[in-house]
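Visitor: Spelled out from the first residue to the last, the chains are:
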Amino acid sequence: MASESASGGGSTEYIQHHLQHLQWQVGEGKFMVINVDSVVIMLFLSALFLVLFLTTARRATAGVPGKFQAAVEMVVGFVDGLVRETFHGRSKLIAPLAITIFCVVFLMNFMDMIPVDWLPATAMAVGVPYLRVVPTADINVTLGLSLMVFLLIQVFGIRHKGLGTFFKEAFTAPFHAEGTAMKIVLAPVNLLLRVIEELVRPLSLTLRLFGNMYAGELIFILIALMTLNAGLASGMTWVMAPLQFISGFVWTAFHILVITLQAFIFMMLTIVYLSMAAESH
Amino acid sequence: MENLALYAEVAKFTVIAAGLLIGLGALGTAIGFAILGGKFLEGSARQPELTPMLQTKMFIVAGLLDAVPIIGVAIALLLIFANPFLTTIAG
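Protein chains in written order, with my numbering: chain A, 1 to 281; chain B, 1 to 91.
It should be emphasised that the hints constitute simulated quantities derived from the structure, not laboratory data.
One or more hints might be untrue.
[As the list claims (entries may be wrong)] Covered stretches of chain A, going by a simulated chain B footprint (3 or more residues, C-beta under 8 Å):
id, segment
1, 13-20
2, 234-242
3, 263-272
In this text, all values refer to a predicted model and were calculated from it rather than measured experimentally.
We treat Cβ as the ideally placed atom computed from N, Cα and C, and that holds for glycine.
Construct all of the structure, not just a fragment, from the sequences and the given hints.
Guide: As structure tokens, then:
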């Protein structure tokens, strides 16, 4: 993405400006910072999801459904089918959790479809210096979601298998032994493997969602850079503008698939991990 | 200025690192997707009535395959455009 104009430094500034969160220092040091834009947008989208689905549920009719009710029914039926074929038991937690995760993650990812400069420019006009509109492109948000899923997996496992079985299995799976001496030898090995496996899951969930969204957002910014500081007089603009339109169109089309797929994968992995936690090894 | 020499050093290795990140990630993903797609087509040809179920599972595995290379691409893009090592030098 070479910018021939003298705005070579301007490109870096543009990128770094668009990658900066709206931050609020709540204490000492670099850890005690809140990314206000991610938090506010995430709360707003969660409230939107709740309001929409709750009002649809209240007004649900057994007769001919309206369009929105049909859409909600499609989502609920789809997730219910997935949970039924993956989890062979009865649980009141998994399906609603899966619907929530899928819809909230999809809504947050969808913020990436809004053209890069629209919301930050509006915010700047109101006096807000930085704004990043995609909450899932912030690793704090995805890490928060994954840690909650991790805690739920442990709690769900303990509730379904009992505290005693849970701890016993941590020491005796996957290597089984007969004699007491071998059991004591293998116990730390099993524990280590178990801990690593349990820790890798939330890490991979976090980084998968974050990586996809961050890369998508960065490429949108780079595509927006193509016509930075371009005036109608310069001949380069007439080449860059159609190029920008085509690349923007192609990337947006591909990104729609990525958004849906990543929300689906997050939900699917949550369902699979929860069902694995409830079954004995 | 001696800062230019430092900058050049960092930039050299950054570019090579970014190239390796993206290239090797792409190599692995390409082979993985090719095998995945091939097996899906084979299975679908043997039992066409299973195609919708196989397609769903294929997308699940595709999402898992995608993850690590995309993380690599995200890190490579970060290195090229908002290099933390350069900001340490400048600061």
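Visitor: Among all the numbered hints in the text so far, which are the ones the structure does not match?
Guide: 2
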